[in-house]
Amino acid sequence: MRIDKTHDVIIVGSGVVGSSIAYHLSERKKHSILLIDKGFPLSGTSGSTQAWVWVHSKVPSWYGELSLYSAELYPFLERKIGDVEYKRTGGIAPFFTEAEKEKALKLAEKQAEVGIDIEVLSRDEVLEKEPYLSPNIAGATFSKIDGNVNPFRLVELYIKSAKKNDVQTSFYNQVISIQKNGDIFHLETLKGTFKTKKLVIAGGPWSKELGEMLNVNIPIKQVRGQILITEPLQPFLKHTIGGVRQADNGEVLIGYSKEEVGYDRRTTLDIVQQTAKMAIDFIPHLRRANVVRSFAGIRVIPLDGFPIIGEIPEVEGAYIAAMHSGVTLSPLVGTLLTELLIDGETSIDLSRYSLERFNESNIKSI
Amino acid sequence: MQIKKHPILGEKFTEEITFYFNEKPLKAMKGQTVAAALMRNGIRKFGVSRKLFKARGLYCANGRCTSCYVTINGLDHVLSCSTLVEDGMNVHSNESDPDVGGIYN
Amino acid sequence: MKTDLLIIGAGPAGINAALTADAAGAEVILVDESLQPGGQLRQQTQLFSNLPKNKKKTRGTSLNNHLVESLNASNVKVLSNHAMVGSYLNGNIGVTDGFKTFEIHAKKYILATGAQEEGKIFPGWTLPGVMTAGAAQILINRELVLPGKNAVIVGSNDFAFEVIKQLRICGVSIKAVVEDKDQLQSEKQDLLSDLGNITFLTNSTIELASGSGEVEHVSIRTPSGIKELEADFICISNGFTPILEPFEVMNCKFTYKEILGGWLPAYNMNFQTTNSNCYLAGSAAGITTLGPILLTGEIAAWSVLEELEFISPREAHNQKKECWEELMTLENNNVFQKRTEIIADSLLQDNWNPKSYFTELQGGQIHG
Amino acid sequence: MDKSTIVCRCEEINIDEIENALKNGAQTFDDIKRLTRTGMGSCQSKVCLHPVREIIADYHNKDLQDVGISRMRIPLKPIRMGTLATESKDSNVASVFGESVEEGDENR
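Residue numbers (the UniProt record's numbering), protein chains in the order written: chain A, 1 to 366; chain B, 1 to 105; chain C, 1 to 368; chain D, 1 to 108.
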């Protein structure tokens, strides 16, 4: 397949971030858009996530605020693209010591400044909300805003809706090199050359390689997260609990591990057993549940932990959207990139999230 | 249907025991699996599927297909093909997703 | 827990590997998820010939008793009712007894995890009463329980014929054998010659298995129209395929050979996989017959013994050569040829050469 | 064959649903899995792997040897959480609470 026409926008990466950008851009019906991916949607990070839409413990509060705005968009998104099983369950982050309670109170105070409502609950209050949590906890922070989503439905429906708006897709098509001739990007791919006026890099952990094709350093690292999944159980957990959630179909997902092992997506018994221990520490009744699978996702973590969103300073017409918590931020990032590409400005100031912050001269001011 | 005397293997089991399936007492031979114990009593439907509630029973007999799940002594989703029947054992058919928050916990 | 050699799977290949390694002085742990060792041999009442070391024709169950007796008389530590769960970062295998999961550190591993039966889908195949031929065989020969009275058999390979015969002598009536190809697949049709008339339906498939909560009725699409039968169980015999998941967890590469059962782990002349600590034996190394299964276990064990320096390279060479020569004689020629192709592929990998002393045999026969 | 015939016994996914995923561009078992839940259930594709591979081969007009297998993971068979759990104290696994407050510390 060879397409000689020049697109207005090519988005590389069809995960929760790339497919959201494609969908939101296509809503405006201004651009010819191509969404390209080296694999099939959901074969990467977005298909191997716990898929929390998680706000309340995101700090500093300006980052919490960004997450809050995105979470607020989910109900509207669902009205447009269909049921993505978004549930605003409320989020519980248990803590086990009194020292952590001090931190919790400080967190609640800080987040209140940007309108994130956090309650610091006593042990009894937590157990009233979520009776199956371990009585060994000391307490928990709780916020109504947190929830979760089905990432498989989310990406599938983004792409379906984008296609309805004439977005073209090219999957199983790896980008091999990118050249910029004048104002036009030429993408050499496995399936031929594609041309575009604007280019959006949304390759998740693979964004680093895409950046290198433009001679740009995208300062991210790959972090493996291993997650355990039980067979479907009758509903018994009501909230999204830090580390644990029960999906719509009854499966319980558990995990909060972090390892820097490059793109290695294997799961190991070391982490799997520790995760099982964590699951039982949090929810003792889970000891009787059958675990049927573990999976691992390669998360993208920008070096300072915060999203990188915006135009790439050295390369006019090229944009980057790389972040951990892509599921949480997906509706907002799609909206913001659409504003940036079409209107040239965004409704939320993105300067904190620019790639420029990593420049030598800016390091001290962060 | 128990094979009383196998044409090649002869008699293999000697001790008869009692177990319960959905509260009903049944006989089995000590040394048989729960799946075999049910089938010797003519019970082939061990439960239902989780989505469409269709009848399910023994399929692979090798612990791989999970089609033979039953509840044993209150523990849901036990492989009946890989568990030996015991005297007094309480077996229940698998009618739904496991209830880990249930009364047995 | 620590040992020289950990073997997963106590079927004939695993047991034979364990006995070989134990006799040479290696410390061996043999893990099996069943309650008793023996693997699928435990219910094979059929007669096997073509066994190594001039063993005479014997029933699988008798051979199994013999192997288990030898195992009990050996120093092999047998962990029945223990299942492999996965592997650790350091490559060690984790095993569970149903109560806890623990790590076994072995210098070498042999995975002899066998094969599984391939399913065959048709409307109604999820109904109770539809089972694999292997499941029916386990019921009659291990559990002494009849799966039903009137059977329809799907598939006509060798194994189907063996199971038909065993069902018949236990008193089951065979209503029909349904084969979707245009002729019966087994070359062992003499097996059934003394069983009287059996209805064979070629070019036929199951249109529907139905009944209230279990199989009661089977509709078969034949070239001459739909045939309706009253039957209370259906046996599917659609061949075997190596069990792969233990090998993926051990980070072994796979290759494809249809006659060996489809996808299977790649290996070299030493039955060593692409994970150099991990060997394989038995049906996991390709679907074959009992004699070769026993020999692959032995070759894997000699390779491990050599690697761990329990025996000299010269002795290892001689032992393996003897096994390979016998394997070549006993094994179906097409199967053996495909096995040698896998091994030839392994030679192409630079960092993965078999020992040079082995080239003699290889030059003479494997590439020949 | 009747398109409503079940292929994946655990999640009860039929031929029609699998072919739909193929129509939407799925190429591999795992593509189909993520769209339909085929092979995601309690047996983890041990039973449906080969029937699904045959459907893929038919649909894409490929040889069976050109259709790969599903990704297989720990645990190799269902295991109780309590049986899997270890007693070890050292852990790479943290609660989200301790984690987030540290990582997002404003001093960084």
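Hints are computed from structural coordinates only; laboratory data are not their basis. Check each hint, because a few of them may be wrong.
Interface residues of chain A toward chain C, partial, derived using beta-carbon atoms under 10 Å [as the list claims (entries may be wrong)]:
1. Leu214
2. Asn215
3. Thr268
4. Ala276
5. Ile280
6. Asp281
7. Thr346
8. Leu350
9. Arg352
10. Ser354
Cβ atoms here follow ideal geometry from the backbone N, Cα and C, with glycine treated the same way.
The hints, checked one at a time:
| no. | hint | in the structure |
| --- | --- | --- |
| 1 | Leu214 | violated, 34 Å |
| 2 | Asn215 | violated, 34 Å |
| 3 | Thr268 | holds, 5 Å |
| 4 | Ala276 | holds, 8 Å |
| 5 | Ile280 | violated, 13 Å |
| 6 | Asp281 | violated, 16 Å |
| 7 | Thr346 | violated, 43 Å |
| 8 | Leu350 | violated, 39 Å |
| 9 | Arg352 | violated, 37 Å |
| 10 | Ser354 | violated, 38 Å |
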